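Colleague: Got chain L sorted already, so can you dock chain A onto it with the hints?
Top to bottom, those sequences are chains L and A. According to this note's numbering, the residues represented by the first sequence are 1 to 427, in order. According to this note's numbering, the residues represented by the second sequence are 428 to 515, in order.
Treat the hints as calculated values from the structure; they're not laboratory data. Careful, some of the hints might be misleading.
As the list claims (entries may be wrong) - Chain L side only, calculated, beta carbon under 7 Å to chain A, not exhaustive:
1. Phe16
2. Asn251
3. Ile252
4. Pro262
5. Thr265
6. Asp306
7. Gly309
8. Asn311
9. Met353
10. Phe409
Said to hold, decoys possible - Calculated lysine to aspartate or glutamate pairs in the EDC-like style (CA-CA distance at most 20 Å, straight line):
11. L:Lys423 - A:Asp463
12. L:Lys423 - A:Asp467
13. A:Lys432 - A:Asp463
14. L:Lys361 - A:Asp467
15. L:Lys163 - L:Asp134
16. A:Lys474 - L:Glu255
17. L:Lys164 - L:Asp281
18. L:Lys423 - A:Glu482
19. L:Lys423 - A:Asp465
20. L:Lys423 - A:Asp449
These numbers were taken from a predicted model, which means no experiment stands behind them. Note that beta-carbon positions come from the ideal geometry of N, C-alpha and C, so glycine has one too.
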Amino acid sequence: MSLLILKIYMQKYSAFNLIKNALTGHKDWEVAWKNPTPKTEYDVIIIGGGGHGLATAYYLAKEHNITNVAIIEKGWIGGGNVGRNTTIVRSNYMHDENGLFSEFGMDLWRSMSQELNFNVMFSPRGIINLAHSDAQMNAFSRRGNSMKLNGIDAVLLNREEVKKLIPMADFSENVRFPIFGGLMQPSAGTARHDGVAWGYARQADSMGVDIIQHCEVTGFDVDNGKIKGIQTSKGNIKAKKIGLCVAGSTNILAEMLNMRIPIETHLLQACVSEPIKPILDHVVTFGAGHFYVSQSDKGEMVMGGDLDGYNSYAQRGNLPTLQHVLTEGIAMLPFLSKLKMLRTWGGIMDMSMDGSPIIDKTHIEGLYLNCGWCYGGFKATPASGWTFAHTIAQDRPHKLNAGYSLNRFSTGHLLDEKGLGTKTWIS
Amino acid sequence: MLHIKCPHCGLRSQNEFSYGGDATVKRPELNKEVSDQDWDNFVYLRKSPRGKHLELWQHISGCRQWFKVERDTLTHEIFRTLKANEEI
Chain L
1 MSLLILKIYM QKYSAFNLIK NALTGHKDWE VAWKNPTPKT EYDVIIIGGG
51 GHGLATAYYL AKEHNITNVA IIEKGWIGGG NVGRNTTIVR SNYMHDENGL
101 FSEFGMDLWR SMSQELNFNV MFSPRGIINL AHSDAQMNAF SRRGNSMKLN
151 GIDAVLLNRE EVKKLIPMAD FSENVRFPIF GGLMQPSAGT ARHDGVAWGY
201 ARQADSMGVD IIQHCEVTGF DVDNGKIKGI QTSKGNIKAK KIGLCVAGST
251 NILAEMLNMR IPIETHLLQA CVSEPIKPIL DHVVTFGAGH FYVSQSDKGE
301 MVMGGDLDGY NSYAQRGNLP TLQHVLTEGI AMLPFLSKLK MLRTWGGIMD
351 MSMDGSPIID KTHIEGLYLN CGWCYGGFKA TPASGWTFAH TIAQDRPHKL
401 NAGYSLNRFS TGHLLDEKGL GTKTWIS
Chain A
428 MLHIKCPHCG LRSQNEFSYG GDATVKRPEL NKEVSDQDWD NFVYLRKSPR
478 GKHLELWQHI SGCRQWFKVE RDTLTHEIFR TLKANEEI
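Isolated chain L, as found in the complex (with noise of 0.2 Å):
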């Protein structure tokens, strides 16, 4: 018992344990986490080593004391889409179901770091929707109360206000897209991505969890309607419990299982312009198109916006969208335009057909599904795999992802947040 609570001492980061191995050379630090070979069989498997499926693991070890779990990436952890978004939390959101679920999802944020023992950089600096018209301000007026019935800090801002907020955007009198005001979300912001991914790894691995890399799902075992395990490149696993976390591959597994879901996988581009010193200090949305940016802590302006448009698993993005993107991000800060390009970069996006992601049990038992996130995976991470974890291990959706069912579509209980119809990769 005493070498168990040394040996929990010893990993905690601190700055004891900082100062310690300074003295050593920081040659001594343990592992954040091991790198298991796989066993034959686990109570629980998670396909798919991103934010989610690591969280997911997390809470199904921290909540539901389940810890015979393996995570299954194909790649390396966080190489997916968690490493390759624009970083930003919110939870302004109208539907009750998006909004409950992601305030949920808030206070988990609030009180990662001190959770996971790891720094992930919260950094709820807020978030304004800006709007171009009249009837703009009153769709965000409403949104912004229905925000406030659900516990969610929302306020509406008027020119003057925006304008004193981020007084480097365009308020000339004869542009296109004037900014009539805005929504604002104070609490939200923005979170080391790659953090969040390393310190939920960090801490499933010390509970118990094995981190599987580099290892492919390349069939599934179902025997009279219930899922019975895996066949990987590193053997095969069995589970009678499975969760699917794997975003934009989420079609290439359900082909395996016949199964048909109503998500494509679209392309979405992410870039940063080179390091400037501190201007922006919100995350700001142009209201007239799609177009979101941020200043990360190094400086550089972290700009994303349109998927490409078609369907794509390329994970690497096409000049015209970027153009068109770009070009809505200088309408809105025409100081952009005298920067250099940094980098850019795609993910692929699981696109759900109301733009509302699902959290759910499948027709086979034992099989899982977490898939949907459209532009919103990242920010939904603590929620969705504390949900997720319950899903599985009660074997029924938590009220908080009731909502999220696979069902949905035929039921025409549909999600549709901001009231684009099917098919959101047309928007």
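Modeller: For chain A alone, kept in the frame of chain L given last:
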């Protein structure tokens, strides 16, 4: 930048086109009983394959015709284009 050969106008840049999704989806026939499952398949369910994908595009800044493109969703290679009423 994709270069797409419109079956009517020839090779043009991606900027002239807009995308219309999976071309293999068939609307249930009119004036016939449609099951919920068939309607579900038509409206919401897609294969979204990694690899060859037959899809609809519209030459929106050109002849404005809809047509089909066979394209690889991983490499973005375009194998061929067909008029809307042509089958592979």
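Colleague: Now tell me, hint by hint, if it's right for this structure.
Modeller: Now for the hints, and whether the structure bears them out:
Among the interface hints, the one on Phe16 (chain L) is violated; its C-beta lies about 49 Å from the nearest C-beta in chain A, farther than the 7 Å criterion. Checking Asn251 (chain L) against chain A by beta carbon gives a least distance of about 4 Å; that is within 7 Å, so the hint holds. For Ile252 (chain L), the shortest C-beta to C-beta distance to chain A is roughly 6 Å, which falls under 7 Å, so the interface hint holds. Hint status for Pro262 (chain L): holds, given a least beta-carbon distance of 4 Å to chain A, under 7 Å.
Nearest Cβ of chain A to the Cβ of Thr265 (chain L): about 5 Å, under the 7 Å cut. The hint holds. Of the supplied interface hints, the one on Asp306 (chain L) is violated, with its beta-carbon coming no nearer than about 12 Å to a beta-carbon of chain A, more than 7 Å. Taken as an interface hint, Gly309 (chain L) checks out: its beta carbon lies about 5 Å from the nearest beta carbon of chain A, inside 7 Å. Using the Cβ-Cβ criterion of 7 Å, the hint placing Asn311 (chain L) at the interface with chain A is satisfied: the shortest such distance is roughly 5 Å.
With a least beta-carbon distance of about 5 Å to chain A, the hint placing Met353 (chain L) at the interface is held under the 7 Å criterion. Proximity of Phe409 (chain L) to chain A holds as hinted, the smallest CB-CB distance being about 4 Å (cut-off 7 Å). Under the criterion of a C-alpha separation no larger than 20 Å, the hint pairing Lys423 (chain L) with Asp463 (chain A) is consistent with the structure, at around 18 Å. Distance check on the hinted pair: Lys423 (chain L) and Asp467 (chain A) sit about 13 Å apart at the alpha-carbon level, within 20 Å; holds.
For the given pair, Lys432 (chain A) sits about 38 Å from Asp463 (chain A) by alpha-carbon distance, which is inconsistent with the 20 Å threshold. Taking the CA atoms of Lys361 (chain L) and Asp467 (chain A), the gap is about 19 Å. The hint holds against a cut of 20 Å. A threshold of 20 Å between alpha carbons decides the hint, and for Lys163 (chain L) with Asp134 (chain L) the separation of about 17 Å falls inside it, so the pair holds. Between Lys474 (chain A) and Glu255 (chain L), the direct Cα distance comes to roughly 8 Å. Compliance with the 20 Å bound is thereby established for this hinted pair.
As the CA atoms of Lys164 (chain L) and Asp281 (chain L) are separated by approximately 11 Å, the hinted pair is consistent with the 20 Å bound. For the given pair, Lys423 (chain L) sits about 14 Å from Glu482 (chain A) by alpha-carbon distance, which is consistent with the 20 Å threshold. Pair hint Lys423 (chain L) plus Asp465 (chain A) holds up; C-alpha atoms about 17 Å apart against a cutoff of 20 Å. Of the pairs offered as hints, the one joining Lys423 (chain L) and Asp449 (chain A) holds, with about 11 Å between alpha carbons and a cut-off of 20 Å not exceeded.
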